[in-house]
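With chain A's structure known, arrange chain B on it following the hints.
Number of protein chains: 2
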Amino acid sequence: MYRAPVEDIAFTLKHVAGLQAAIDAGHLGDLTDDLVDAILNEAGRFASEEVAPLAQEGEKGTPLKDGVVTTPPGWAGLYRNWIDGGWNSLTGTPDYGGQGLPTMLSVATSEMWNSSSMAFSLCSLLTMGAVEAVEAHADETLKQIYLEKLISGEWTGTMNLTEPHAGSDLGVLKTRAEPVGDGSYRIFGQKIFITYGEHDFADNIIHLVLARLPDAPPGTRGISLFLVPKFLVNADGSLGARNDLICHSVEHKLGIHGSPTCTMIYGDGKFGDEPGALGWLIGEENRGLACMFTMMNNARLNVGIQGVAVAEAAYQKALEYANERTQGKAPGWQGEGMSPIIEHPDIQRDLLTMKSLAQASRAIAFSCAHAIDMADSAEGRGDADAAKFWRERANLLTPIAKAFSTDIGVDAASIGVQVHGGMGFIEETGAARLLRDSRIAPIYEGTNGIQAIDLVTRKLPQSGGEHVKGYIGELREITAEVGRKNNPDFGMTADKLDEALADLETATDWLLQALQDGRIQEALAGATPYQRLFGLTSGAVYLAKGALVETGDALENGRIALCRFCAENLLGETSALRNAVTQGAQSLIQARSALG
Amino acid sequence: MYRAPVEDIAFTLKHVAGLQAAIDAGHLGDLTDDLVDAILNEAGRFASEEVAPLAQEGEKGTPLKDGVVTTPPGWAGLYRNWIDGGWNSLTGTPDYGGQGLPTMLSVATSEMWNSSSMAFSLCSLLTMGAVEAVEAHADETLKQIYLEKLISGEWTGTMNLTEPHAGSDLGVLKTRAEPVGDGSYRIFGQKIFITYGEHDFADNIIHLVLARLPDAPPGTRGISLFLVPKFLVNADGSLGARNDLICHSVEHKLGIHGSPTCTMIYGDGKFGDEPGALGWLIGEENRGLACMFTMMNNARLNVGIQGVAVAEAAYQKALEYANERTQGKAPGWQGEGMSPIIEHPDIQRDLLTMKSLAQASRAIAFSCAHAIDMADSAEGRGDADAAKFWRERANLLTPIAKAFSTDIGVDAASIGVQVHGGMGFIEETGAARLLRDSRIAPIYEGTNGIQAIDLVTRKLPQSGGEHVKGYIGELREITAEVGRKNNPDFGMTADKLDEALADLETATDWLLQALQDGRIQEALAGATPYQRLFGLTSGAVYLAKGALVETGDALENGRIALCRFCAENLLGETSALRNAVTQGAQSLIQARSALG
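Sequence order for the protein chains is A and B. In our numbering, each number is its position in the first sequence, counted from 1, plus 8. In our numbering, each number is its position in the second sequence, counted from 1, plus 8.
For reference, chain A alone in the conformation it holds in the complex (with noise of 0.2 Å):
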């Protein structure tokens, strides 16, 4: 069963993400290390003894009848409690209820939540997102009647997209919205793959719904954003009418089989007087995509942490399979009978594998959302060159943070399986659902293929390319304390963080040149093994950053021979991506040939 890491949060947090100088320097308000401790240990406490134990539970699936859905046994219970415990409102704005923590409190808990069961906590993922948006453009009058029982989870909210033929590529989409004249609107359209479109949880379900008006320009310049309640809200807060939209269907997926992934239906006509579900204007008109992408770039971070989350869970359960499976006999194994497997060097290999990359993508993932903090406290006190540059590193590693950390939550869970041999194919050990479950995270919030394409094309140029530059430059400082160290427990990560360095820097030069060149099919033909080179090297460098902190005890030793076992082991592959950017793009493109 999974047991939160708290220690290896709060460190990661505190010693390689920035959290702790943060705090020093004065730029996260009166936030303490002790509220910190306090924070992750009852996020811990509560991920562990209450979310993990319910989350085999969600492969019960969430029935559809009549428009109802039922989520699995006991997990209304749970989301109850689970709010009454503050847990959804802790970034929230404190004008409506809200914590007001940071997103470094924020993603470091959702991990937890998320490891312990990623279908339970993608509802408050949602509704987050949700929040974030009508914080950011709603006007007071739906900030009064929505805010505060969204940011409690008293209510939940929800992401309206996606239509069958716009995923990807949202210019294309038909929901419209008709203006009654009031300042309401009426909303007619279908809306696919809702995440928690309808539920149990909650009394409302609050809808961020993306649909064109009359006369909107074609394409993604069209498209306004709407808030559409599933009941309607009376002036003194109660809920009113049942407003005309409704769940559908609910679909049959791979993995997250305990939340109702729905496909919506608005305007209709099931429900009211007259045809069209009711919904309030987010922001300016034909500006929905903007209000879309405030929310989404969180969500992005979010989901990330989801990969990160979902490989700590897999790397823990093998873990414990490979402690109490005996096996064969290791070399070198003294003991009776069989060994444990995890005496066998390449079971060994596989745990280590999952642990450096779960370590990675947590610290790149919590630099992020410290990047974002950082922002928004430079923002508070008007300091806007320091806003600038962090507003940019956010940019900059959310794309790493969403697409690097989902693709190892993929490969961490397919290595879990496997370290649990036949038993790991087995549904009931739930290294499976693992699997099953982390598949979707490389999909959803922009695939991983667009993360690529914004990373190579939007995140690149920020500040004529200075910025990833002075990036990298201080992953060589990280780097170059390492090689002065002079501990011979490093072994030769110095040399090999300093050749990953290298080649993430020619295969930056060579994008830059290429986007400056016009070479757009080129530089797109990289963009993937361009961001994992980012990734895999950014990470290990994050590494490195933990392993020079001295505690002077067995964790310490841990680090170093974690961060040494990433450089000599899983770092080497970043020569061959550096030439897939710098050396493929030909070949690929020739290809096309070859291909039906």
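Some hints could be false.
Note that the list lumps identical chains together, so a pair holds whenever it fits in one copy or between two copies.
Said to hold, decoys possible - List of simulated lysine-lysine pairs, DSSO-like, C-alpha gap at most 30 Å:
1. K151 to K22
2. K73 to K337
3. K467 to K337
4. K396 to K151
It is worth saying that the hints were derived from the structure and are not from the lab.
Then chain B, alone, in the frame of chain A:
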């Protein structure tokens, strides 16, 4: 829907794996080109038109009631048609009604069955294993009773190895066999993970069961192999009493839902006058493991073929979707509206990666089958040197064919889900099923970690290391030919192949030295990266071998382009794998402390 790639399969068989040369040299009896084509075409038709349409039915599972398993709708009839087509008897000895065809044809057709449905095809994979064990080790009486019906497929076979505490390590199994005195034995025990242990395809099921005799020595030297039929067989060949064995339960698995994975109980007294399932010894007492290895070697190759098959099926499915689905505008897209996603460079990379890996692993597996056929042929004509050479070649390639192919099967299936975006996560699409099905292949018939141990500790040292060196020398010859060709379409292929071969040589020498020095733990630490290094390099060289064949048509251009893509985009990983072998052990061993 899957269409058997008969042309690709025939080409690889004849021009890469060596079927053409073997026919021309008269090593394969009176087998002709025309017969090969006729068999492949008809198998292709059957796989595409009859098996594939019923594949998704397998998701309905195999319910068990009172010891009786019901297979998915239509499958029992499909099985009947399949054996009526003679597909089960392809390689069986003509003495008992088999067609005596070479293993190359068996694996080529097996690929097609497994692409269309892995779960359906598993039944015959096990039967063929039983046929081999009975052919090679059973006495004439048993052959007379069982062999013809196993070869035709009228009866099916199983392999009963695993027990709850004995998986990879069979030395600790507990099932026991008590001599009755008349040449038969009574078997008592429980076996798990028995594929098609019970079903409704056939009138009788012939279980091959590993068990211990009363005075057997401990460990693997005390295991004997028994033939235990579900129904006893009367002297006239008709079915007699039900034997005392029963399917106790069917596993709830991640994939291959149409294939019943059974827990079998022998001798609990449910059937017959006295407890104990009646069985007959195959081969000598306490030599059961040797008999089992006869069937396991070929079974490993056949599982490797499942990896190839699922990669091909996933590729085809993703290709079809990528051609149909439109989204966004790819760079350079001149058409109306959105472009098909296949025009996006990142999707091309996905598809080319899948296709490269499928073709490379097919070439490895077929080459392994070729070696088996050549060894059999050499033995048949009493050429001991050739027999030794080809047996060593088959031995060397078997773990690669098993492990590399099944690993890339999972990779390709996972990429296939990704290409489908959100639809890939929906079960009805079928891409997720391929991923779920693929995940068992790296586990069963010896986990891929076990294959790596086998490769390093038993296959590399063959003929004092000379065999593997000779093999690498052959690959070098092919690479040199690419260089001599001087065709600019090959791009940097020759150089990249040379680098990979140098990596393979370095790692091979390092491992041979480590074995010689008795540094077993260090050698095993690098076994899995070495296995992938071997598979990737040899697979890429085989692509080059095919690309060197001049047909003068578009297929030739496609083969060259794919070979180049593989060399320039995928092969770069070899330097990292070499380093993991030659430099990674120390850090791996040190990092044991970082695990719990």
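- Query: Under a CA distance limit of 30 Å, which applies to K151 and K22: within one copy, between copies, both, or neither?
  - Reply: Cα proximity of K151 and K22: none, with 34 Å in one copy and 71 Å across.
- Task: Since the copies are identical, ignore which copy is meant and state whether K467 and K337 lie within 30 Å (CA to CA) inside a copy, between copies, both or neither.
- Result: between (51 Å within a copy, 20 Å between copies)
- Tell me, please, which holds for K73 and K337 at an alpha-carbon limit of 30 Å: within, between, both or neither? Neither, since 54 Å and 40 Å both go past 30 Å.
- Query: Under a CA distance limit of 30 Å, which applies to K396 and K151: within one copy, between copies, both, or neither?
  - Reply: within (28 Å within a copy, 80 Å between copies)
Hints 1 and 2, counting from the list given before, are not met by this structure.
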